[in-house]
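Okay, here's what each chain looks like letter by letter:
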Amino acid sequence: GDSVTQMEGPVTLSEEAFLTINCTYTATGYPSLFWYVQYPGEGLQLLLKATKADDKGSNKGFEATYRKETTSFHLEKGSVQVSDSAVYFCALSDLVFSGGYNKLIFGAGTRLAVHP
Amino acid sequence: GAGVSQSPSNKVTEKGKDVELRCDPISGHTALYWYRQRLGQGLEFLIYFQGNSAPDKSGLPSDRFSAERTGESVSTLTIQRTQQEDSAVYLCASSLDGNTEAFFGQGTRLTVV
Chain A
1 GDSVTQMEGP
11 VTLSEEAFLT
21 INCTYTATGY
31 PSLFWYVQYP
41 GEGLQLLLKA
51 TKADDKGSNK
61 GFEATYRKET
71 TSFHLEKGSV
81 QVSDSAVYFC
91 ALSDLVFSGG
101 YNKLIFGAGT
111 RLAVHP
Chain B
1 GAGVSQSPSN
11 KVTEKGKDVE
21 LRCDPISGHT
31 ALYWYRQRLG
41 QGLEFLIYFQ
51 GNSAPDKSGL
61 PSDRFSAERT
71 GESVSTLTIQ
81 RTQQEDSAVY
91 LCASSLDGNT
101 EAFFGQGTRL
111 TVV
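Taken in order, these protein sequences are the chains called A and B.
Counting in our numbering, the first sequence runs without a single skipped number right up to 116 at its last residue.
Counting in our numbering, the second sequence runs without a single skipped number right up to 113 at its last residue.
These are calculated hints, taken from the structure and not from any lab test.
Incorrect hints may appear among the rest.
If you anchor each label on the Cβ, the simulated ranges turn out as follows [as the list claims (entries may be wrong)]:
#1 GLN83/B with GLY9/A: 23 to 33 Å
#2 ARG67/A with VAL12/B: 41 to 51 Å
#3 GLU68/B with GLY1/A: 21 to 31 Å
For every residue, glycine included, the Cβ atom is placed at its ideal position computed from N, Cα and C.
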């Protein structure tokens, strides 16, 4: 079945450091790919998405490129801030053909802590 | 409403009791999902509603878990005879039609003691 694997955390960085959080997926169809973020005490929010191969999603300085050949969707940011401290979830949305709807499958989440 | 609303935000219950968790999706969203997030783990899919029907219940962990949706709006997740392993954050999400972005509520933190 479909699955998402992302790097284990916690990831601890100093402010202005470069961030990469790895995410790979397994899917039977042609999924859309997402990064969700969960800030402390808040609900999950969509950070960025890509709907087809080679698409790049970007938001708030974060980027991720849909790589079909490596089945990856790694999250990157050139210069992190303390306010980026959160848990980041990689997810895929794959069509359930029998039902005609999309099922969201999540990775385990990666906690990022950014220190001044 | 403006966003997905879940209630209660926190629930502490004794082992063996039944609990009901409520989700109010965004108005007009026909698709509704329930997920469970155990401490330090990812989101585990429980059930999907399209309108008032549940074409995918594959994630419900046991027959103690059930869910319903009425009026293509509010959904209730019921856990009967709660066990300690049911302790988790239960998240609800809705989307316009099941093929677009899902919006999440803030979750209900359930603690079974």
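Here's how the hints hold up against the structure:
Look at GLN83/B against GLY9/A: about 28 Å separates their beta carbons, and that is inside 23 to 33 Å. Remark: the range hint 41 to 51 Å for ARG67/A to VAL12/B is upheld by a beta-carbon distance near 44 Å. The beta-carbon spacing between GLU68/B and GLY1/A, approximately 26 Å, falls within the hinted interval of 21 to 31 Å.
No hint from the list above goes unmet by this structure.
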